[in-house]
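Protein chains in written order, with the working numbering: chain A, 160 to 631; chain B, 172 to 571; chain C, 8 to 294.
Rather than coming from a laboratory, the hints here were simulated on the basis of the structure. Note that CB positions come from ideal geometry on N, CA and C, so glycine has one too. Watch out, some of these pointers could steer you wrong.
Stated by the list, open to error - Some chain B residues judged to face chain A by a derived CB distance under 10 Å, without partners named:
hint	residue
1	K215
2	I218
3	A222
4	S224
5	E250
6	A254
7	L256
8	L477
9	V482
10	D500
As a plain string of letters, each chain reads:
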Amino acid sequence: MAAEKQQVTEVDRSLYDFVKSEEGYERLDAGLTPDIVREISAKKDEPQWMLDLRLKSLEIYHSLPIPDWGPSIEGLDMDHIVTYVKPPTEQKSDWESVPDDIKDTFERLGIPQAERAYLAGVGAQYDSELVYHNIQESASKQGVVYSGIEEALHGPYEELIHDHFMQLITPQDHKFAALHGAVWSGGSFVYVPKGVHMEFPLQSYFRLNAKGAGQFEHTLIIVEDGADLHFIEGCSAPKYNVANLHAGAVELFVGKNAHMRYSTIENWSKNMYNLNTKRAIVDDGGTIEWVSGSFGSHVGYLYPMSILNGADSTCEFTGVTFSGATQNLDTGCKVVLNAPRTSARIDTKGISKAGGIQTFRSSVLVTEKAEDSDVYVSCANLMLDDESRSDTIPAMDVRAKNCNVGHEASIGRIGDDMMFYLMSRGISEDEASTMIVNGFANPVSKELPLEYAVEMNNLIKLEMEGMEGAIG
Amino acid sequence: MTAATETHTAWRPQMTPAEVAALAVNEGARTIMVNRPPAITWHKLKINEVAASLPALSAAARTAVEVASGDAVWGAEAEPFDAALAEADPEGHFESGMGAEAEAWLSAHTAERVLVDVAAGEEPDPVLVHLDAEDGTASVCALDIIVREGARATVYAQADAPAGGTGVAGFAIRALVGEGAHLSLVVLQTLDDGYTYLENTAALLGAGAHAAFTQTELGARRSLVGTAFALDGDESSVDIDTHYLGHGENDLDFNYVIRQRGRATKSNLDANGSLADASSKILRGTIDFIHGCKGAVGHERDTVLLANDKVRNKTMPVLLCDEDDVQGDHGASIGHVNPEQLEYLEARGLSESQVEALFVGAQFDYAAVHAFDERAAAGVNRLAQCVIGREAGAQLEGEA
Amino acid sequence: MEEALLSVQGVCASAGEKPILHGIDLAIGKGETHVLMGPNGAGKSTLGQVIMGNPTYTMTEGAIVLEGKDISEENVAERSRDGLFLSFQAPVEVPGVPLQSFLRAIVAQHPELNLKGKRFKKRIAEILEQLNMSADYLDRELNVGFSGGEKKKIEMLQLLLLKPKLAILDETDSGLDVDALNVVSKAIAAYRAENDGTILLITHNTRILEHLSVDRTHVMVKGHLVAEGDASLIGDIDQHGFEQFGVAEDIEGNKISHALDEDEAPAFDAEAALAHAEAAVKAAEAK
């Protein structure tokens, strides 16, 4: 906390001149000015079109309101957003200032010493660079491009990036998409050529910018016709950042008859505001699969969106969200069926405990073009005690005649009979609850590669620890 | 799209109490925001609230409302209900489905207030209320129902326009169901396309009370229906059964709010409808499990048949939950006639459009069969004749 | 008399406000097989649940003593670790939990079994073979999509795995096909033979009893224990149903047609039924 406060006052002083010179921005965000944005762009030596995009996004950012329909983001210092975006080298943090419970979790999840500093954003000592390099080599042998997005901007893929970057998630979409457009930094670029089937999943974990950023990273993935890719983002170890805003973006372009699976285990530390935007657009016969485990953040807004734009395209979404003490996670998904014979299947599970707040929010839009399509949404929520909260707010807008839209949701607690059955075998109440909750989250863990699934189960165990009298 | 959807504005802040009070005076055309659900979603979806533009109209004559039978006070004051409410609801949980702005507008345009007050333990004959909308007016009937301890009451209400015309018609219903009492409330609406219909219900149930609410909405260019039940008393319960039909360019807008506060309360909302031609509908249904409602159970279901390419359906079933010892679920099924049914009917010589007409007609037939008196049946038939060119229930002649 | 393995002493229990069990006294010696019978709604399953410690029921009076230790205050898990086992009539589904993981977890709670690592695998394989069950079950989610017969087989697998001191088998034999019934019979026989097992069998079905030697029979009606006798009592009930206890049902719980209409039948008189039953037992013993 002290470290954070210090940061703010330092930055304020140094920006004093800017504030004076930029009329009209004073009353809004005293810090986030076009000059700051130009500075960011210049440091990255970006093409003009990218700078223009940033500046346009900044304008839009200032004109859009803060959402009033979801969890409060009061804890975000909206007047000093600039403190979150100052070039990383100026953000000082050290292992000492990393909160104890983060260090504790590293310990309990068995995270190797070398990785811990890396995850806590206090150093790049971890040999992730080497691992990442190896992944890159293996990928390129298959003809797949996997690189940092900033490097890719300076290479032969610049035009490709130009044609796709923030075309799917536009700055107008919402305030934090606009913010992202203005100050984005770091992230992955993946290009899978026609017909190429990536043999193994690409993982973004090894691409974390260890110096405390990763907050505004942009992931752009293009999977060409007939190609196949599995991309895994994140990990179950808590990602800690002193500057507590994450406003990243993920844009996925899935070509004709191509297949893309995007898996995420997200465990941002409990001080974070995770306002992420993920979107996929799918062409004829293509498939997008989302596998999502959300465990972290203080406040989360997360609705991966799929636009089924090509005939016979499909979307599958499997997710679990776990909301514990002090957390308010508003997650779900959006899907637009905009072509004939498209289909979407959404299956989510939510768990709330110890005063956590969880909201499932969804939007299903079936346009006039989506004849003979179908959508099925299933959402099950488990309340582990009577201190917590769980809300389900789905919305369906159906405009096509020959389609079928089904939605089912349920809320309740662990059945007494289930508890009694497990306990009658000698399993303690706490262990039984953990087993049941792990079983509840099984649809997600079984879609993940084994090591991630094991990690996720361990994470759930950790979250469940310390439950008191959870079962009535 | 249709005119109805154009009036769905994105968002505006709720009116201040002073602004709402100003609405309660009948002065000119108004645009009110109605049917706001307890928890809202993305504004872009245009599902949160809806704007109703209501023209300047004077209230209809009192004769628009007739109590055909049963024991009721015609020409009642609001006071008796207000007093009973103050006693039953010290914490102010009473709320209406459409919201304060609609309440104010309806009260400013009330033609007549009917009070049904059933004494403890009594089980009187059903009360039948007919609202015949008058051309060029706002024909609003305020219906206050008090069912005291252990009593059983049945109230039927119909909104019809036997003489056709244009205007606004509506019901402002308030109900208090006391400990162990029963209320069976049936509303049937068979208005012509010239009308905008507002139906605003607010109800509060005491311990062990039960309410059964059946709604049938068949007509009106625009129907705005808000229904709120506060299950305050332990073991109170409500069953809501709604049937609706969209035809022509009609638009239906529903908002259900069920607040379960008492322990072991039960709610069941079952909405069933067909949308034909270029009609549209929004249905929001919220079951709110409030902390302390241990053992509560809530079910909600919206089943919609889309009979045409041009229809538009929005459904927003919401579960809010602040209590672990509950069972809640909701579901929505939106789609076309299922392929097997279609195959079967086509094998009997029906073309696809005839199949659609079959399902549309079915809503009228159902309503006719369940009509509570001759006038109600006549209303259904009149509308059926306009819409599907035949009498309702005609195929069912001969059934007991 | 040898000290009983399980002693149920004057137990009364309620579900919420409603009293269900009234003054139940029961003693089961080690190695014995007891049968508990009664018409529908007698409270037989409830007794099994109460002995096991299901928190849905509150024991309002009495005590439950296992091997001389009063376990009335212990929770379910503790009772299991003390050596009690309950085989469920309709085992619940636990989605997402593979049977294998479940079995490992329960074995971990019973360290006296000493079944770690390879020994565990071996033992499971042994039991699967013994019960003629495929190893495929191990990867399936616990009870999810299992038929009634399959569920009962899994219960029997657990019985043989845990080797409890006392096994309460609740309607373990009801609604089973021949194959499943065989597995159940085999399991019960193996449990008894290998561990000098003690059984309380709650049942409607006489078929399973044909293969078992029964030491005592208890009859419950409407929450009361109305009769106790040796194995011959079963034959008696098989012939006459529960009419002698004031309930017009046969041994399998089917209504006896010539009985009085429910409306006409007098209210159940526990004392009269008990007196009548005692007389019947005396008469049987006198033969």
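Now the hints, each set against the structure:
no.	hint	result
1	K215	9 Å, holds
2	I218	5 Å, holds
3	A222	18 Å, violated
4	S224	22 Å, violated
5	E250	38 Å, violated
6	A254	36 Å, violated
7	L256	29 Å, violated
8	L477	5 Å, holds
9	V482	7 Å, holds
10	D500	4 Å, holds
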